[in-house]
Amino acid sequence: MSDGIGARVERKEDKRFITGKGKYTDDVRVDNQAYAAFVRCPVAHAKINGVDSSAAMAMEGVIAVHTGPEMKEDGIGDIITGWSITSKDGSPMQCGVWNPMVTTYGRYVGDAVAVVVAETQAIARAAAELVELDYEELPASIGVEDAFQDGAAQVHENVPGNLIYDWEIGDEAAVAAALEGAHHITEMKIVNNRLSPNPMEPRSAVAIFDEAEDHYTLYTTSQNPHVARLVLSAFYNVAPEHKLRVIAPDVGGGFGSKIYIYPEEITCLWASMKTGRSVKWTSDRTEAFLTDAHGRDHVTKATMGFDAEGRIVGFKTDTLANIGAYVSLFATVTPTYLHGTLLSGCYDMPAVYGNVKAIHTNTVPVDAYRGAGRPEATYSVERMIETAAREMGMDPAELRRKNFITEFPYQTQVILQYDSGDYHKTLDMAQDIADVAGFAARKAEAASRGKLRGLGYSTFVEACGIAPSAAVGSLGAAVGLWESAEVRVNPVGSVEILTGCHSHGQGHETTFAQVVADRLGIPVDNVSVVHGDTDKVQFGMGTYGSRSGPVGMSAIVKALDKVEAKAKKIAAHTLEASEDDIVIENGEVKVAGTDKSMAWHEIGLAAYIAHNLPEGMEPGLKEAAFYDPLNFSFPAGALICEVEVDPETGVTDIVKFTAVDDFGNIINPNIVEGQVHGGVTQGIGQAMLEQVVYDDDGQMLTASYMDYCMPRADDVPSYALDHNATPSPLNPLGVKGCGEAGAIGSPPAVINAITDAIGTNDLQMPATPLAVWTALQNAKSSMAAE
Amino acid sequence: MTQIKMTVNGKSASADVPDNTLLSEFLRENLRLTGTHVGCDTSQCGACVVHVDGRAVKSCTVLAASLDGADVTTIEGVANGKELHPMQAAFKKHHGLQCGFCTPGMIMSGIDMVSRYQAEGQALTEDAIRHELEGNICRCTGYHNIVKAIEDAADQMSAPAQAAE
Ligand code: FES
Ligand code: FES
Chain A
9 MSDGIGARVE RKEDKRFITG KGKYTDDVRV DNQAYAAFVR CPVAHAKING VDSSAAMAME
69 GVIAVHTGPE MKEDGIGDII TGWSITSKDG SPMQCGVWNP MVTTYGRYVG DAVAVVVAET
129 QAIARAAAEL VELDYEELPA SIGVEDAFQD GAAQVHENVP GNLIYDWEIG DEAAVAAALE
189 GAHHITEMKI VNNRLSPNPM EPRSAVAIFD EAEDHYTLYT TSQNPHVARL VLSAFYNVAP
249 EHKLRVIAPD VGGGFGSKIY IYPEEITCLW ASMKTGRSVK WTSDRTEAFL TDAHGRDHVT
309 KATMGFDAEG RIVGFKTDTL ANIGAYVSLF ATVTPTYLHG TLLSGCYDMP AVYGNVKAIH
369 TNTVPVDAYR GAGRPEATYS VERMIETAAR EMGMDPAELR RKNFITEFPY QTQVILQYDS
429 GDYHKTLDMA QDIADVAGFA ARKAEAASRG KLRGLGYSTF VEACGIAPSA AVGSLGAAVG
489 LWESAEVRVN PVGSVEILTG CHSHGQGHET TFAQVVADRL GIPVDNVSVV HGDTDKVQFG
549 MGTYGSRSGP VGMSAIVKAL DKVEAKAKKI AAHTLEASED DIVIENGEVK VAGTDKSMAW
609 HEIGLAAYIA HNLPEGMEPG LKEAAFYDPL NFSFPAGALI CEVEVDPETG VTDIVKFTAV
669 DDFGNIINPN IVEGQVHGGV TQGIGQAMLE QVVYDDDGQM LTASYMDYCM PRADDVPSYA
729 LDHNATPSPL NPLGVKGCGE AGAIGSPPAV INAITDAIGT NDLQMPATPL AVWTALQNAK
789 SSMAAE
Chain B
3 MTQIKMTVNG KSASADVPDN TLLSEFLREN LRLTGTHVGC DTSQCGACVV HVDGRAVKSC
63 TVLAASLDGA DVTTIEGVAN GKELHPMQAA FKKHHGLQCG FCTPGMIMSG IDMVSRYQAE
123 GQALTEDAIR HELEGNICRC TGYHNIVKAI EDAADQMSAP AQAAE
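The listed protein sequences derive, respectively, from chains A and B. Position in the first sequence (first residue = 1) + 8 = the numbering used here. Position in the second sequence (first residue = 1) + 2 = the numbering used here.
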């Protein structure tokens, strides 16, 4: 089957995108269209005493100006968080209240204070400038370390010391004892820099209120429209679920930042009811920097102990996680169960302990961004092991090999049980492709040109396929993380798959069709995928956490099992054979070993015509399934980065980047490789270019592409990739998920390569030319001092 | 308000627009050609690239009123009827797009760079493509397959000229 699993099928969705016919939220324009613009808190912390909208209201074309207190009065609820974390002393977490629009206090630059609705976007934006805020500026806490100091400005009255929770995982005493007796100890302070996700499509919402039906429709840039509808309905009280349709049409990238239901969508829905107009809001890029949830922003102290043979005896981390001004939807789980549980890396560690303190600051909320917690864990583990190898005078690959987990399933000391893997072979393959054997010669050649070459590794494992519902429920999740699918076979045999996943670049219209094509032997062109509309698909949890493969496609397989069973019954009845003898091959349903068969479309027709079905069988051929995963899946990989540094300027070139990954079985290699290319590039961005900077007053200094450095084509190389698949035994397709691995694994490979080149471990991300040059100078002067 | 008249994708288009209307707004809002995207406010991302009189231009940086009489081609106008432009076909073949948001700008920039290099008889190397893409940001693909697509399209775009020789 040329279209089936494993084939490099060209994407079915591409045609509309390459011809300019994609339909994104900002492309939607309806009758009666009005436009919203937000008035935002101009300082990091303020008491808002009044909003004067008279000048704005006087402007021609302005329809209304509304504020937070009015919203509250109408019963619109506060923004919720989806995961409760319990502190190590057993107390529940404490978090500040998040009103969709400020009622009294503005708590970060960009906090929405009022909304202007006008006839055009230009008028709305101009009028927003005319709204005057009467406010009193208050002291603010910006950096996570400062915010946790005694006497720091309080972000919320009800959160003393700005401490949301003080959580732990693993056995602290066991780690302390292990470190006590360790032969060698490596200690580092590790900063995981704050990033802005920056999908290229800015967030947007079009809210339509139909007064006659008392019904709302929301077009929005969402990774999970059903979750959006659920919270808009159950918590924000916009409308009951059956009176609210959420459509996430083509979405231009998400990377986590479009999981959340932000103040702007809630406000547009409410404002469309208030004004009787359809209300549209589209973020500009500066607004996106100021208001899209950020990622990372951890400061970690890490300690790793080894015995005389180089085996890890214990690993401990203490982390401060910046949560920002409010606790966003997945903000609490990202630094805890998505971070602490990965601290064992791909190593057999007998003792592991992680402590995480989550801290409020007067900055935009921080939440899951591609990888979510797993990049932070991987960066800590992989920098520590590389640094330890250097300190102990060992080859960093050999030190890793001494500690690799080799038997599966493997139970870590931090909850997770890894499904399958072959870490040695993956590393062998990567070393071959990267030509590690030839590195010394390349380094010498570079040195002859005055350049410093370095090589760095990252061997990582991560957890995908979020997640078993009961397990996450026991850890504090408010929802289950199953997925749904419906497979509809039409009377002509073509197939529609309805999925609760959402594709915003992942290519589901192709890969999901391949799963069906493989099973039924029909061309992918005869299969279409329906997603992103709560009126069409009953429910689903959406796409994030690399879950659409392991969870979403497993749901499709489950529904296909049911379709196949019914199809076989129909064939057996029609062909007068036993059901057990029926096989489906190449688009035919046959009696094995005979020439009796029905074409697939004849089965469809028979099911719907229903003139001759088995006794008691219902007509039609349509089946649904809900799939709840048994466990996470555990993709792993070996990445090798080779860099060349110019010691005069600190400018660093990535000369080669090798990635060998274990994603389990692969449905479409083109798409999987594309995910790796994009993920690794985001990781290189984190390692070398990207950093959100706030000044001491909480003004963002990097709120445009002039100041926030996105990876561009000439910042990155072409990549050398391969795969070493150990199929996950835990889901029917043996897939593991591939969406985040590149972003999770690559930052430490880059930094390990640069620090290898410059001969000092004292370097934090982003390794800009200035940072690299400074590290080199510091290393030189400390050597001179010795 | 300024009255403007231009040719867009071979058709004449005229309108009265406020003087501060950007070409990107005119295309998206007046003509409803929504394939031209807007990804930033500082002229950095290139999602908005179109061709004006045969040259690639960031449509978010030009005023529509300044383009009276211009010949504009957008992503909707590059295919020859049902036949895709070689650059479009190459993006599909090499999986040069994921979410598709940067794609129209990438394709318009790609066509422009290949035409310029071919007109000057210069080789469009991988390094040159990466350098030329400085003004186009993609967050999804890591550029690897975009570079491959442009390399391949460059071969396809030169093929007819060579065959004619
Ligand atoms: S929208 Fe024109 S360059 Fe970004
Ligand atoms: S394909 Fe998504 S930004 Fe380029």
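If you are wondering where the hints come from, they were derived from the structure by calculation, not from laboratory data. Small disclaimer: the values here were computed from a predicted structure and weren't measured. Backbone N, C-alpha and C define an ideal beta-carbon position, used for all residues, glycine too. Take the hints with a grain of salt, since some may be wrong.
What the hints assert, rightly or not - Reference listing, derived: stretches of chain A covered by chain B, where coverage requires no fewer than 3 residues with Cβ under 8 Å from a Cβ of chain B:
| # | region |
| --- | --- |
| 1 | 16 to 25 |
| 2 | 207 to 216 |
| 3 | 381 to 391 |
| 4 | 724 to 732 |
Results for each hint:
no.: 1; hint: 16 to 25; result: holds (count 7)
no.: 2; hint: 207 to 216; result: holds (count 4)
no.: 3; hint: 381 to 391; result: violated (count 0)
no.: 4; hint: 724 to 732; result: holds (count 3)
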